[in-house]
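*Asks:* Chain by chain, the residues run as shown.
There are 2 protein chains.
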Amino acid sequence: MNRLLDGPVDGMEKDGAVNHTVEVATSFHDKNTFRPTNSLVQPLLTDLYQITMAYAYWKAGKKDSFAVFDLFFRKNPFDGEYTIFAGLEEVLRYIYCFRFSEDDMGYIRSIMPAGTEEEFFQYLADMTTRDISVYAVPEGSIVFPREPLIRVEGPLPVAQMLETTLLTLVNFPSLVATNAARIRHAAGPSKELFEFGLRRAQGPDGGLSASKYVYIGGFDGTSNTLAGKLFGIPVRGTHAHSFVAAFTDLTSLKNKMMKHRKTGVEVDFVALSQKYRAEMAPLFQVIDNEIDGSGANNGELAAFTQYAMAFPNGFLALVDTFDTLRSGLLNFCAVAKALADLDYKAVGIRIDSGDLAYLSKQARQFFKTVANRFGLPWLANAKIVASNDLKEETIYALNEQNHQIDSFGVGTHLVTCQKQPALGCVYKLVEVDGHPRIKLSQDVAKLTMPGRKTIYRLSGGSGNEALIDLIQRVSEPPPEPGKRILCRHPFEESKRAYVLPTTVEALHVLYYQNGHVFHDRLPSMEDVRANVQRNLVNLRNDHMRRLNPTPYKVAVSPDLYDYVHDLWLANAPIGELS
Amino acid sequence: MNRLLDGPVDGMEKDGAVNHTVEVATSFHDKNTFRPTNSLVQPLLTDLYQITMAYAYWKAGKKDSFAVFDLFFRKNPFDGEYTIFAGLEEVLRYIYCFRFSEDDMGYIRSIMPAGTEEEFFQYLADMTTRDISVYAVPEGSIVFPREPLIRVEGPLPVAQMLETTLLTLVNFPSLVATNAARIRHAAGPSKELFEFGLRRAQGPDGGLSASKYVYIGGFDGTSNTLAGKLFGIPVRGTHAHSFVAAFTDLTSLKNKMMKHRKTGVEVDFVALSQKYRAEMAPLFQVIDNEIDGSGANNGELAAFTQYAMAFPNGFLALVDTFDTLRSGLLNFCAVAKALADLDYKAVGIRIDSGDLAYLSKQARQFFKTVANRFGLPWLANAKIVASNDLKEETIYALNEQNHQIDSFGVGTHLVTCQKQPALGCVYKLVEVDGHPRIKLSQDVAKLTMPGRKTIYRLSGGSGNEALIDLIQRVSEPPPEPGKRILCRHPFEESKRAYVLPTTVEALHVLYYQNGHVFHDRLPSMEDVRANVQRNLVNLRNDHMRRLNPTPYKVAVSPDLYDYVHDLWLANAPIGELS
Numbered sequence: 001m002n003r004l005l006d007g008p009v010d011g012m013e014k015d016g017a018v019n020h021t022v023e024v025a026t027s028f029h030d031k032n033t034f035r036p037t038n039s040l041v042q043p044l045l046t047d048l049y050q051i052t053m054a055y056a057y058w059k060a061g062k063k064d065s066f067a068v069f070d071l072f073f074r075k076n077p078f079d080g081e082y083t084i085f086a087g088l089e090e091v092l093r094y095i096y097c098f099r100f101s102e103d104d105m106g107y108i109r110s111i112m113p114a115g116t117e118e119e120f121f122q123y124l125a126d127m128t129t130r131d132i133s134v135y136a137v138p139e140g141s142i143v144f145p146r147e148p149l150i151r152v153e154g155p156l157p158v159a160q161m162l163e164t165t166l167l168t169l170v171n172f173p174s175l176v177a178t179n180a181a182r183i184r185h186a187a188g189p190s191k192e193l194f195e196f197g198l199r200r201a202q203g204p205d206g207g208l209s210a211s212k213y214v215y216i217g218g219f220d221g222t223s224n225t226l227a228g229k230l231f232g233i234p235v236r237g238t239h240a241h242s243f244v245a246a247f248t249d250l251t252s253l254k255n256k257m258m259k260h261r262k263t264g265v266e267v268d269f270v271a272l273s274q275k276y277r278a279e280m281a282p283l284f285q286v287i288d289n290e291i292d293g294s295g296a297n298n299g300e301l302a303a304f305t306q307y308a309m310a311f312p313n314g315f316l317a318l319v320d321t322f323d324t325l326r327s328g329l330l331n332f333c334a335v336a337k338a339l340a341d342l343d344y345k346a347v348g349i350r351i352d353s354g355d356l357a358y359l360s361k362q363a364r365q366f367f368k369t370v371a372n373r374f375g376l377p378w379l380a381n382a383k384i385v386a387s388n389d390l391k392e393e394t395i396y397a398l399n400e401q402n403h404q405i406d407s408f409g410v411g412t413h414l415v416t417c418q419k420q421p422a423l424g425c426v427y428k429l430v431e432v433d434g435h436p437r438i439k440l441s442q443d444v445a446k447l448t449m450p451g452r453k454t455i456y457r458l459s460g461g462s463g464n465e466a467l468i469d470l471i472q473r474v475s476e477p478p479p480e481p482g483k484r485i486l487c488r489h490p491f492e493e494s495k496r497a498y499v500l501p502t503t504v505e506a507l508h509v510l511y512y513q514n515g516h517v518f519h520d521r522l523p524s525m526e527d528v529r530a531n532v533q534r535n536l537v538n539l540r541n542d543h544m545r546r547l548n549p550t551p552y553k554v555a556v557s558p559d560l561y562d563y564v565h566d567l568w569l570a571n572a573p574i575g576e577l578s
Numbered sequence: 001m002n003r004l005l006d007g008p009v010d011g012m013e014k015d016g017a018v019n020h021t022v023e024v025a026t027s028f029h030d031k032n033t034f035r036p037t038n039s040l041v042q043p044l045l046t047d048l049y050q051i052t053m054a055y056a057y058w059k060a061g062k063k064d065s066f067a068v069f070d071l072f073f074r075k076n077p078f079d080g081e082y083t084i085f086a087g088l089e090e091v092l093r094y095i096y097c098f099r100f101s102e103d104d105m106g107y108i109r110s111i112m113p114a115g116t117e118e119e120f121f122q123y124l125a126d127m128t129t130r131d132i133s134v135y136a137v138p139e140g141s142i143v144f145p146r147e148p149l150i151r152v153e154g155p156l157p158v159a160q161m162l163e164t165t166l167l168t169l170v171n172f173p174s175l176v177a178t179n180a181a182r183i184r185h186a187a188g189p190s191k192e193l194f195e196f197g198l199r200r201a202q203g204p205d206g207g208l209s210a211s212k213y214v215y216i217g218g219f220d221g222t223s224n225t226l227a228g229k230l231f232g233i234p235v236r237g238t239h240a241h242s243f244v245a246a247f248t249d250l251t252s253l254k255n256k257m258m259k260h261r262k263t264g265v266e267v268d269f270v271a272l273s274q275k276y277r278a279e280m281a282p283l284f285q286v287i288d289n290e291i292d293g294s295g296a297n298n299g300e301l302a303a304f305t306q307y308a309m310a311f312p313n314g315f316l317a318l319v320d321t322f323d324t325l326r327s328g329l330l331n332f333c334a335v336a337k338a339l340a341d342l343d344y345k346a347v348g349i350r351i352d353s354g355d356l357a358y359l360s361k362q363a364r365q366f367f368k369t370v371a372n373r374f375g376l377p378w379l380a381n382a383k384i385v386a387s388n389d390l391k392e393e394t395i396y397a398l399n400e401q402n403h404q405i406d407s408f409g410v411g412t413h414l415v416t417c418q419k420q421p422a423l424g425c426v427y428k429l430v431e432v433d434g435h436p437r438i439k440l441s442q443d444v445a446k447l448t449m450p451g452r453k454t455i456y457r458l459s460g461g462s463g464n465e466a467l468i469d470l471i472q473r474v475s476e477p478p479p480e481p482g483k484r485i486l487c488r489h490p491f492e493e494s495k496r497a498y499v500l501p502t503t504v505e506a507l508h509v510l511y512y513q514n515g516h517v518f519h520d521r522l523p524s525m526e527d528v529r530a531n532v533q534r535n536l537v538n539l540r541n542d543h544m545r546r547l548n549p550t551p552y553k554v555a556v557s558p559d560l561y562d563y564v565h566d567l568w569l570a571n572a573p574i575g576e577l578s
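Listed in order, the protein sequences are those of chains A and B. The opening residue of the first sequence carries number 1 in the UniProt record's numbering; numbering runs sequentially from there. The opening residue of the second sequence carries number 1 in the UniProt record's numbering; numbering runs sequentially from there.
Because the hints were derived from the structure by calculation, they are not lab data.
Treat identical chains as interchangeable: a pair holds within one or across any two.
Taking lysine to aspartate or glutamate and the DMTMM-like style, the derived pairs with C-alpha atoms no more than 20 Å apart in a straight line are:
1) Lys-63 x Glu-119
2) Lys-191 x Asp-352
3) Lys-191 x Asp-389
4) Lys-419 x Asp-389
These numbers were taken from a predicted model, which means no experiment stands behind them.
Work the whole structure out from these sequences, hints included.
*Replies:* In structure tokens, the structure reads:
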């Protein structure tokens with residue numbers, strides 16, 4: 001499907017969301033395959049007040065009131081000016097499967113006060129999302145404060161009931177995807193980025209969610225094997241310090257012989273590695289006169305030989321268990337040369353401590369020297385992986401020091417979003433039974449915009465550069481490419497601008513209605529990932545830079561501006577000074 | 001069971017852990033009931049390098065090497081000096097059920113390099129934790145840096161394989177339980193503390209784990225209904241702003257009649273509430289001359305009446321949707337008085353924005369005035385609940401302003417541990433085939449202590465005040481109450497102290513061996529929660545204070561000191577200056 005509207009506005013419903021009448025929604029799909037990834041995502045994963053409110057709505061005769069809720073955030077995370085929207089597919093899986101089980105109902109009965117009417121329990125047991133419609137921006141969109149990312153419409157108690165779970169399923173995925181995108185921006189497109197954070201994540205699926213959504217945000221893969229299995233994300237991993245520590249010496253090794261890749265001739269691989277280490281040791285002096293290889297650890301060499309024999313095509317050694325410069329690098333190169341004799345190419349090293357910029361430059365210089373002296377030209381470009389408490393700022397700092405790192409393993413800061421561990425998405429009632437609803441606040445940033453709204457992204461130039469996002473009421477005609485449009489600041493009366501877009505993209509898509517998920521509108525995870533990078537390319541660089549980024553403009557139509565401001569005035573209490 | 005050793009040391013194994021030969025381990029238990037709470041906790045929820053290392057160990061002939069790993073952290077979180085250990089029961093559930101499925105094996109085959117030996121896959125498919133032993137400090141213990149919280153012993157590749165998942169299952173639970181304990185310390189024992197953080201949590205079980213472990217850490221309950229169902233934790237919740245926003249006026253209400261609790265006589269509850277509001281309005285002037293009740297919102301009053309009619313015994317109103325002082329408080333009191341006429345007692349209010357200290361004091365003053373004038377003495381003590389971005393520091397600040405809050409709802413900062421969103425537990429190899437292993441580091445804080453070790457907590461006085469924790473080699477005889485013991489600083493040679501304990505508590509308990517979980521040693525969640533509070537009472541207050549807390553001492557025995565330092569010297573490379 002093509003959501004870019006560069007001609008007459010076809011296939012667009014009057015609510016401003018793209019619809020495709022020619023594409024009939026898949027009329028039925030198997031609940032067994034379109035379930036939440038995590039079985040804990042179920043109707044009871046919510047705040048109790050959703051259930052107590054449901055009872056009060058029901059008792060007040062409001063079970064069939066028609067409500068509209070907006071899900072949005074008020075501030076971009078990480079002191080930045082953009083956010084990646086993520087989590088939508090899991091939201092749809094949850095909504096699609098929404099149904100209290102008998103077991104749930106037993107629990108709910110046990111916590112509701114005595115005297116709760118029996119009919120209500122029946123109502124709750126029968127509650128489905130059949131009458132709910134879900135409009136949303138596509139997963140992987142770049143989004144901004146106050147934009148309704150998801151618009152949920154339907155019976156008030158049902159639409160209300162979805163609040164907490166939707167927020168849980170959007171807040172963290174969007175936050176961690178944004179974090180990943182920012183680190184990708186810091187590292188540049190040519191570096192490999194891998195997520196190594198499972199052990200420090202906030203719970204098992206804090207880790208699993210992180211693995212999935214940082215991949216969407218621009219990482220290349222993860223160490224998390226379950227994420228690999230469930231989502232098809234590339235997985236990476238070699239060995240830990242404990243693997244090195246598990247080998248004490250060279251003599252006690254049980255397994256020393258290894259065959260040549262082509263000829264099959266067997267050699268004592270351990271002895272060969274030892275021989276090359278002795279020959280290479282003097283080369284260390286090109287780096288530092290004090291380093292001559294005499295400090296190289298035998299347990300480490302033993303571990304490297306055993307790892308290389310198990311993974312002759314994937315030999316990537318962790319070199320900082322004892323001392324990167326005095327031991328690890330030399331042991332790695334010795335084993336790499338022995339592997340080369342058997343017609344294998346080593347992959348590289350990982351450094352997990354110390355001054356990563358300095359060590360990577362030293363390592364690169366040593367690789368080049370060894371490559372030269374021992375006739376192993378590819379070794380000059382052996383991969384250097386760095387890990388150890390990396391974050392966005394560290395990568396910028398490494399860049400300034402001209403590091404020689406090819407691949408970053410990022411853990412704690414990435415998966416827990418240490419700089420800002422929560423995104424503040426909220427879910428607000430904006431209309432009920434046709435009446436616009438508004439949440440007043442002394443703080444203008446906390447005001448909500450009432451009514452059913454939709455969003456357009458107006459682009460200029462060749463249509464690639466996003467100029468402004470325009471929020472309108474769904475009843476308004478969509479903006480048209482090539483026609484000048486007046487865009488207003490949502491709060492400041494005097495801020496207005498005419499925009500002449502070359503393309504207009506309707507951001508809202510209808511994903512769920514009448515119990516059907518529009519599967520044909522749901523991109524694959526790989527497509528979402530590609531969209532993120534494509535969308536980021538279309539965002540001006542000054543919105544993305546680390547320091548003092550320019551806010552991207554989100555405007556409202558004149559009609560929406562008047563609608564909102566009239567309501568504010570009508571509802572805000574008038575103070576009195578005496 | 002009683003782990004306090006106040007007499008001869010009975011029932012203690014030579015490895016320093018408490019054992020109970022009289023209590024035979026439950027010989028078998030049903031995997032269906034002792035499974036991880038989250039079905040995503042499974043052997044593949046790990047870093048890929050655990051599997052690649054398993055292959056390299058297996059190929060190196062080390063599959064039956066006997067390894068000992070310690071799980072510990074190096075620094076208490078939140079700039080504090082204590083940590084609550086949590087997550088153990090889920091660790092045991094995971095270990096007990098550990099087994100790769102056929103499906104897992106298919107995936108593993110697909111990611112391992114071509115040429116991986118077939119026998120290895122068979123080995124992995126057959127891998128169990130039957131030969132693993134797990135010693136640990138009891139869940140809910142107060143623990144300190146460098147103490148082995150869990151000691152895992154068994155075949156090297158198996159013990160290694162558990163690393164990532166154990167860390168995931170301990171790091172966040174311990175972090176968030178500690179956060180909760182700190183907030184309990186800030187709020188004091190008499191305040192109610194509820195966790196409201198699900199919507200901002202890092203994934204669905206970031207939220208679920210938080211709900212469980214903050215309860216263990218000292219909270220009174222949660223808004224998370226699934227946590228209530230799964231763990232039996234008390235749940236709380238009333239209504240959101242959107243509930244208030246869903247009511248536009250008083251006239252359109254469908255349901256206005258309500259019966260007296262005893263007599264059954266029906267009255268127009270809405271009209272009654274309106275009447276009392278008019279009568280009470282002038283009272284607002286006792287708070288502030290500018291406030292006379294004329295700004296009270298009718299939609300809000302409508303919402304309150306409907307909520308009160310649904311929950312006449314549980315009427316707790318969110319009063320800040322429009323204006324706490326000008327609208328919410330008056331509407332609440334009016335409905336509370338109407339409820340009182342029908343023989344019900346209102347519960348109180350929740351304030352979710354603004355200056356919580358000021359508003360709570362104003363609310364209390366108004367409650368007292370209304371209580372007085374309208375003959376509702378209990379209203380003077382109506383509950384005041386506060387929420388809105390609360391954290392430890394905010395609660396200390398509120399205390400200084402003599403707030404009148406009875407109950408705190410804590411969300412984002414609590415569940416995401418915003419101040420420090422990750423605990424840095426590590427899992428280090430400390431012994432293999434009887435050889436002590438050591439991870440050297442230029443940074444003394446990062447050195448590991450080799451060998452099998454156990455921990456004793458030495459207490460003084462009446463036995464209630466923890467004096468010092470002593471780490472020993474398991475081969476040493478345990479310290480005895482009433483006998484002077486030399487305790488040494490683990491790194492600083494000159495720091496030594498004699499300690500005369502009145503009680504000695506062995507902290508390590510054997511929880512898993514030969515495939516059996518010692519269920520009789522596993523306390524219930526309620527017991528764990530009670531233990532946390534009891535243990536905290538035994539910790540001197542200067543270790544717990546917010547500013548500049550005193551570090552609690554963790555010492556080593558002279559034997560362990562020598563063992564460690566001899567190994568360090570033997571293994572550390574000698575530098576050369578020329």
